[in-house]
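Enquirer: For reference, the chains in residue letters:
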Amino acid sequence: MAITQLSAFLENTPGTLCSAVEVITEAGVNIRALSVAETKSFGILRIIVSDIEKTKEALGQYTIIKETPVVVVKMNDQAGSLKMILDVLKKADVNIEYVYAFTAAIHGSAYVVFRVDDVEGAEKILGQNGIKTLSDDDMADFL
Amino acid sequence: MKKYYQPEIETASREDIIKIQNEKIVKQVQHVYDCVPYYRNLMDQKGVRPEDIRSIEDIKKLPFLTKDDLRDSYPHGLLGTDLKNCVRIHSTSGTTGKRVVAFYTQKDVDMWEECCARAIVAAGGTDEDICQVCYGYGLFTGGFGLHGGSHKVGCLTLPMSSGNTDRQIQFMMDMGATILCCTPSYAAYIGESLAERGYKPEDNKLKAGIFGAEPWTEEMRRSIEKSLGIKAYDIYGLTEISGPGVAYECQAQKGMHINEDHFYVEVINPETGEVLPEGEKGELVFTSLDKEGFPLLRYRTKDICILSRDKCPCGRTHVRMTKPLGRSDDMMVIRGVNVFPSQIETVLLNAGYTPNYQIVVDRVNNTDTFDVFIEFPKEMFSDKISEMQKREQDLKTAMKSMLGISPKIHLMAPKTIQRSEGKAVRVVDKRKLHE
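Read top to bottom, the protein sequences are chains A and B. Terminal number for the first sequence in this note's numbering: 143, no gaps in between. Terminal number for the second sequence in this note's numbering: 578, no gaps in between.
For reference, chain A alone in the conformation it holds in the complex (with noise of 0.2 Å):
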């Protein structure tokens, strides 16, 4: 069930983001949703793409890529969603690792991403709660 995301090495200088988003870009690729984290030497570019494969070919040629599975919720664009969904991880005893969200317009809904260790365990305690969790097929679907 989980989303497919993924991350990049980045150099910590100028211009190096602009040059990832212009490869994926070159090849014809859709960017979903996207965090940085970042310390003073180096930087993490995760990212939900429209094609998986050809993103990690394209910028697989210049950094180091990583494919890790991921939770993404989808819920009501509403002051509460977020809270009610975190209860269920808390009371589940789920511990995330770090989190992003985006929201689409024409949907109405908003979207968080949950890099969780147990990805199983999590997607079946928030289905339980009828949560819905998406698939990589549902975001080759999205927008």
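Hints listed in this document are in silico derivations from the structure and should not be mistaken for laboratory results. Bear in mind the structure is a predicted one, so any value in this text is a computation, not a measurement. The C-beta atom is built at its ideal place from N, Cα and C for all residues, glycine as well. Treat each hint with caution, since some may be false.
Claimed, not checked - 25 Å max Cα-Cα, derived BS3-like pairs, lysine-lysine:
{"id": "1", "chain 1": "B", "residue 1": "K521", "chain 2": "A", "residue 2": "K56"}
{"id": "2", "chain 1": "B", "residue 1": "K445", "chain 2": "B", "residue 2": "K397"}
{"id": "3", "chain 1": "A", "residue 1": "K40", "chain 2": "B", "residue 2": "K543"}
{"id": "4", "chain 1": "B", "residue 1": "K533", "chain 2": "A", "residue 2": "K54"}
{"id": "5", "chain 1": "B", "residue 1": "K543", "chain 2": "A", "residue 2": "K66"}
{"id": "6", "chain 1": "A", "residue 1": "K91", "chain 2": "B", "residue 2": "K348"}
{"id": "7", "chain 1": "A", "residue 1": "K54", "chain 2": "A", "residue 2": "K40"}
{"id": "8", "chain 1": "B", "residue 1": "K558", "chain 2": "A", "residue 2": "K54"}
{"id": "9", "chain 1": "A", "residue 1": "K40", "chain 2": "B", "residue 2": "K551"}
{"id": "10", "chain 1": "A", "residue 1": "K40", "chain 2": "B", "residue 2": "K424"}
{"id": "11", "chain 1": "A", "residue 1": "K74", "chain 2": "B", "residue 2": "K527"}
{"id": "12", "chain 1": "B", "residue 1": "K227", "chain 2": "B", "residue 2": "K189"}
{"id": "13", "chain 1": "B", "residue 1": "K558", "chain 2": "B", "residue 2": "K573"}
{"id": "14", "chain 1": "A", "residue 1": "K40", "chain 2": "B", "residue 2": "K374"}
{"id": "15", "chain 1": "B", "residue 1": "K539", "chain 2": "B", "residue 2": "K551"}
{"id": "16", "chain 1": "B", "residue 1": "K424", "chain 2": "A", "residue 2": "K56"}
{"id": "17", "chain 1": "B", "residue 1": "K348", "chain 2": "A", "residue 2": "K83"}
{"id": "18", "chain 1": "B", "residue 1": "K348", "chain 2": "A", "residue 2": "K40"}
{"id": "19", "chain 1": "A", "residue 1": "K90", "chain 2": "A", "residue 2": "K74"}
{"id": "20", "chain 1": "B", "residue 1": "K521", "chain 2": "A", "residue 2": "K66"}
{"id": "21", "chain 1": "A", "residue 1": "K56", "chain 2": "B", "residue 2": "K527"}
{"id": "22", "chain 1": "B", "residue 1": "K539", "chain 2": "A", "residue 2": "K40"}
{"id": "23", "chain 1": "A", "residue 1": "K40", "chain 2": "B", "residue 2": "K521"}
{"id": "24", "chain 1": "B", "residue 1": "K424", "chain 2": "B", "residue 2": "K397"}
{"id": "25", "chain 1": "B", "residue 1": "K295", "chain 2": "B", "residue 2": "K343"}
{"id": "26", "chain 1": "A", "residue 1": "K66", "chain 2": "B", "residue 2": "K527"}
{"id": "27", "chain 1": "A", "residue 1": "K40", "chain 2": "B", "residue 2": "K527"}
{"id": "28", "chain 1": "B", "residue 1": "K210", "chain 2": "A", "residue 2": "K54"}
{"id": "29", "chain 1": "B", "residue 1": "K533", "chain 2": "A", "residue 2": "K66"}
{"id": "30", "chain 1": "B", "residue 1": "K210", "chain 2": "B", "residue 2": "K445"}
{"id": "31", "chain 1": "B", "residue 1": "K210", "chain 2": "B", "residue 2": "K162"}
{"id": "32", "chain 1": "B", "residue 1": "K543", "chain 2": "A", "residue 2": "K56"}
{"id": "33", "chain 1": "B", "residue 1": "K374", "chain 2": "B", "residue 2": "K348"}
{"id": "34", "chain 1": "A", "residue 1": "K66", "chain 2": "B", "residue 2": "K343"}
{"id": "35", "chain 1": "B", "residue 1": "K527", "chain 2": "A", "residue 2": "K124"}
{"id": "36", "chain 1": "B", "residue 1": "K527", "chain 2": "A", "residue 2": "K90"}
{"id": "37", "chain 1": "B", "residue 1": "K445", "chain 2": "B", "residue 2": "K424"}
As the list claims (entries may be wrong) - Under 10 Å between C-beta atoms, here's a sample of chain B residues computed to sit facing chain A:
{"id": "38", "residue": "E535"}
{"id": "39", "residue": "S544"}
{"id": "40", "residue": "I548"}
Go by the hints and put chain B onto chain A.
Expert: Relative to the frame of chain A, chain B by itself:
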């Protein structure tokens, strides 16, 4: 399998070797005094006459030669015979701004090639082997030295020269090369390139590699041996003295046997010039005992080494030298601390990194800056910042404990640090300390 190329010489008793050296040094000193005015002046200044040198023990009386002497006497000042007797010129890259040009007679070339043949046989080479030489062919001694040695052993020789990795790999696989000769950094690069093309170490037919011309560590040896599925042997030499093959490793992989019948070695205190006893660390000094074209006496190499006369299990009796532990001119003094690039390489390989790095030293506001650019290995990449930071911190801690000072570490994407297919540029020192 033939164990030695020239068994009588390679396993000669100590007494026999000294006898050979005694005979050769007397002739060589007379020859140099008669034919090389530059060195005759040095001897006259020191008040040493050729007849003062009656045995190899007397060599201590002779003046040293340094790279500065080579520069001052450029191009013909140290020539030991008429140019018409010479058949070849080789030269160093001149990266330190002092290009060395050496002349060879046919006898010099034969002697040098025999030394390389000894090295190839010591690495297990026979006339059944296919020897791929990817040292540069040209003025650099690497290519022609191993090439000649390979011919002398009777190997099928692949004269690839350096570069064009695709073609190197194609010939290596299609021709079934069994021995690889190149710089250790290029061997590591070939290993990486083979893996990228989906080859496993057992897919190639290589059994041994003879790697030299730049400093490398035990850790790098293990990593190359693993990636290519071979035994990796060190070889040492310098253009001034002949080229690769001045010393070479045997199956024991415990230091390099110096070809003492051709090259007399001393280890000196680099500060005082005093000759040190066996086992002490100091600067290597070589005397060519029977060269005609470019006969150097007591040439200071700037390589810091230790000699050992411990019995070698391979049966060779010639003295062994350690890998150069550093070069007196490679050593950087950063914020008052002595730093050798080999120390950084050791830390990297121990921590699972590749040996692809570059050190940049500069001086800003009268303080040294010390940056190390390191290629981050694929296998160690994580999408979690906490894990990545831990790896970065571990590396910083290891550097600090090895060097005594902390470099600023820059993690780079793989294959972004410029690498030449010959010698790697490990150090960029932008400080203008001597101008």
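Enquirer: So which hints don't hold here, by number, going up?
Expert: 4, 5, 6, 7, 10, 12, 14, 16, 17, 18, 25, 28, 31, 32, 39, 40
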